[in-house]
Structures are given as C-alpha cells and as structure tokens.
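Okay, so the sequence shown: first residue is 1 according to UniProt numbering, each after it adds one.
The set of hints was computed from the structure by calculation and includes no laboratory data.
As the structure is a computational prediction, the values presented were derived from the model and not from experiment.
Every residue, glycine too, gets a C-beta built ideally from N, C-alpha and C.
Mixed in with the good hints there might be a few duds.
As the list claims (entries may be wrong) - Quick list of the computed label-pair ranges, beta carbon to beta carbon:
1. Ser430 x Arg456: 22 to 32 Å
2. Leu69 x Leu281: 54 to 64 Å
3. Arg404 x Arg454: 17 to 27 Å
4. Asp205 x Pro354: 23 to 33 Å
5. Asp247 x Ser322: 13 to 23 Å
6. Ser322 x Glu429: 27 to 37 Å
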Amino acid sequence: MRLGSAGAGALLVGASMGASARYAAPRWRGNDPFALGVASGDPTADGVVLWTRLAPDPLAPDGLGGMALAPVTVDYEVAEDEGFRRVAARGSAVATREFAHSVHPEVHGLEPDRWYFYRFRAGSAISPVGRTRTAPAPGTPTARMRFAFASCQSWSSGYFTAYEHMSAEDLDLVVHLGDYIYERAWMLGRSGATMDRRFWTEAVDLAGYRLLYAQNKAEPPLRAAHAAFPWLVTMDDHEVDNNWAGDSPGLGLDIYRIPALFRRRRAAAFQAMYEHQPLRLAQLPSGPAVHLHRRYRFGDLAEITMLDTRQYRTRQACGDGSLVTGCDDRFADGRTILGARQREWLLDGLTGSPARWQILGNQVAMAQSDYDPGPGVAVGTDSWDGYVADRNAVLGAAADRGVRNLVVITGDRHENYAADLRADYARPESPVVATEFTGTSITTGGDGADLPERGRQLLAANPDLRFFNGQRGYVRVELDHRLWRSDFRVVPYIRTPGAPITTRAGFVVQDGIPGTTAASRPDPVTNPAPDAAAPSPSGAYPPR
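Starting from the given sequences, assemble the full structure and let the hints guide the process.
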C-alpha cells in the first residue's frame, strides 16, 4: 500500500492554520452536508484533486449553504476498492466560510493508470463514494483512451438527462468546456418545475454565483457524472457575463460596465467557480484573475491542452459578437483571443509534445462559420472568426511545424458539428491541418431539432463542415494509436425527464491524415430512458 497526503492547498486555501489543528463538525440535525456531491479532477500519473463542499442547505439565501462561521475539519480516504479495505491515501482538509466550506485536497503517491474510490467524512456524516482514475505515466505505451466532453447547462432550460447516460458510459475522463452555469435564467423549460425568483435576477456578487452553482450541483444526474469520473474543466462566458471579453463586460447589467464594478464581478464569479469545481491550488483565483490554461498528458497517446479564450482576449470586433458582414477589423493583427503569452505557450507545447494526439479543449468555434450560403461571408465575432490572426497563427503553426494529429474539441454553440480546419480560410486552397468537433449543450436552447434551417444554412455555406445536428447531449470519444472516433450522443427532449439516448452520428480521424470522415460502422449502443430505481453511482460503474 502506498500512502499519499493532501497537497498544500488542502489546508492553506481554507484558512491559515496548522495541519495538526482539528475543527469539530456541527450537528447536522438530519440534513446532509454533502448534498452537492463529490468530484475529482485534473488527473496526473500519481494523483488527482478531490472536491466537496459542506452545504446542508444548498440554496440558503446568503449562498453559504446553511453553514455557520466556524471552520470544519473534513477527512478523506482514497482506496483501491469500493469497500475501502485497501486504503491508498488518507488525510484531512479544513473547510472555511471564506471559501463556502469547500475543500480541494490534492492527493499524491497513487499508482498510474488505475481506478480508485474516495469519500469524505465531516463529523458523523459520510459522503457518497466517488470513483476516479489516475493518468498513465507520460510516455508509457497507452493502447486506448475514452472520454466525453460537454458544455452549456442552463438549469432553467431543461432536465440534465444527458448526464444520467454519461455516468453509465465506459469513460476514463470527462472534459467540460464551459458555461457550467448561466448568470441568470431567461426561460423555464422544465415541465412541472417551479423556480425561485432569485434565479431570474442576474448574478453579480459572490452569493448570487454560489447559488447558481448550488442549483446545478444539487441535480442528481450531474452529481452522478462527477462521482463516476475525473473531470477537466474550464470556463466560457456565462460563468461571468454573456459575451464578456478580457477587461470588457458583456451584455449584462449596464451598471456593471463600470470597470471597477466589472472587476469586482469577475472576482466573485471566479471565486465561486473555484469553490465548486475540482481545481488545484494553482487555479485559485487572485481577485479578477485565474490561471486556467494548462496541460495534461496521458501516456504516449494524448495530451489535452485546456485553453482560456475569455480572460486574455481583446473586445469583439464590429459590435458585441453578433453576426456581421464586411467586418475588416476581425482580420487586424493586434486582435487576440488567447493573449500573446498563452498563444506562445500553446504553440511551444504543440511543437514539443511527443503524444500521438494533440487535443485542444476550446470554448468557442474555431472553424469558419459562414451563415451566408451566397458569395458573401456572414460570421459571428465572439468566436475565432472574430480573431483571424490568432486562428491563422495556431493553424499555420500546426502546418508549418508538422503537428501530427491536432483535434480541437469545442462547446458554446448548442449544436453538434464535425469540421475540417484549414490553415487560412482566406485561401480556400490552403491545406486541412486539423479537425474540430463541436459538442451541443446539455440543456441550453431547449429540446432542439435534428436539422433546423440554421443547420441547412451552415452546411450550404461551409464546405468544410461535415456534419450538423441541433439536439441536446454530449460527445463521446475513443482513440488509439491509429484512429480517433467521435460519437454524437443525443437525447430527443429535455423539457421532461427520462429521455433515451442514441448515437446520432460517428466521425473518425485517421492517424497522420488531417480532417474527418463519417464512421464506416455505426455505433450500436442505444441507452433506454433512465430507470428511476437505478443504483447509486457508486454501484453502477461499467466494467473495465
């Protein structure tokens, strides 16, 4: 048995107090302090970060989850078996009011490329059991990897049924590409549901953002998916404000366009995000700044680079990011979606990595998305179409430096796409250098439709767009050294719970051949509607 311990963040983030200090838990009086579940994330070859938050009353109006002022010691165990007979690591972290009684212990000393189980204890209360997986050691032969990616989950728009199906998949990892919360509700698309008036009001402070995360994380399907796999997470715009860009506020409340107030709003949003996600101490925000771009290696097979396309970008060209034509400003050399430092870090990593597959976890569409089927070009400038110089720099470098297999996974659009990426869209003859798979939303946009008029326009105007679908769901990926396969998993409705899931289409990328083609064999897997009497996540894991 190898023993691990919490990293520095487990004790220092909660409060400045010694590791030997212990703080008693209150009497929970029948309320579950682990109502928001457990999670793990950012896996390395020897460990992961674990997460939970004590919140016996998750939707308490002050955003503090029903907790008092006092700190609480939270113990954790990591084991090789679900019965916790072979404990591999144990330790404790201090949950404090300053961080909404959340804890983020970083566990080290685990074996690479294997499953573990974990749980927390606070006084007499024991959390649900979570399952996590360490990464294969960098450079070691790795035959296969399976993961899913998702984005855009407005609670008010519909039920999180897709996560019920995701938690039953055979996966190593989940990647979330942003819009984990929405700063307010614009509609109520849940049949039979009611919603407190607080959620119709735009969140601008720490209490408001905490309530939005608690609302989402209290949902059983999302809790199950977090408990089943480690996650890699980043953010997009709605974690703060619709279409915000760097130091510029987005489309929200006018008063928060004042720079000082927007910085305060960003700081509150970033802290709430950290409090509710399995993020390491390196991602602890510093006021209105947070470091989210980072890399994770999985043996010799894959490297996932998580990007931040919000925090360092210049303001959108030609307006607020909406659809425009004839916008010369989007081609300006000084415009950036990544910022100079992140762009150089990205390019250096792509060039230097020995992994077979280079994967970019990206928020907004990189492929050109022309909405004019005629000779003109109509694009939205909130995506990479508004930052052409950065797109050309990244895709041009991939071509010039011989990046072997570059695949971009993207969220934001609430639609499923499979697209080839060209080095320069101004030159239609420029080579295809990479592939982009854009995943639809979990709920945002309502039930959706397979091929609405918007999809027909996009397919007609964009010859590099190979597939469009407008339903809800997620993308499941399987890759080995020869082949990448993306399956678009969709549900027919979200207005009511219990929808079945099917694979709408599958697309593949071959090793050494940029671009994608439709899979030659269909995926036979069709999951039925979720069973309300199904076992808890800790008893429903697929075999390996």
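Comparing the hints with the structure gives:
no., hint, verdict
1, Ser430 x Arg456: 22 to 32 Å, "holds (26 Å)"
2, Leu69 x Leu281: 54 to 64 Å, "violated (24 Å)"
3, Arg404 x Arg454: 17 to 27 Å, "violated (34 Å)"
4, Asp205 x Pro354: 23 to 33 Å, "violated (46 Å)"
5, Asp247 x Ser322: 13 to 23 Å, "holds (20 Å)"
6, Ser322 x Glu429: 27 to 37 Å, "holds (30 Å)"
Violation of the numbered hints given earlier is confined to hints 2, 3, 4; the remaining hints are satisfied by the structure.
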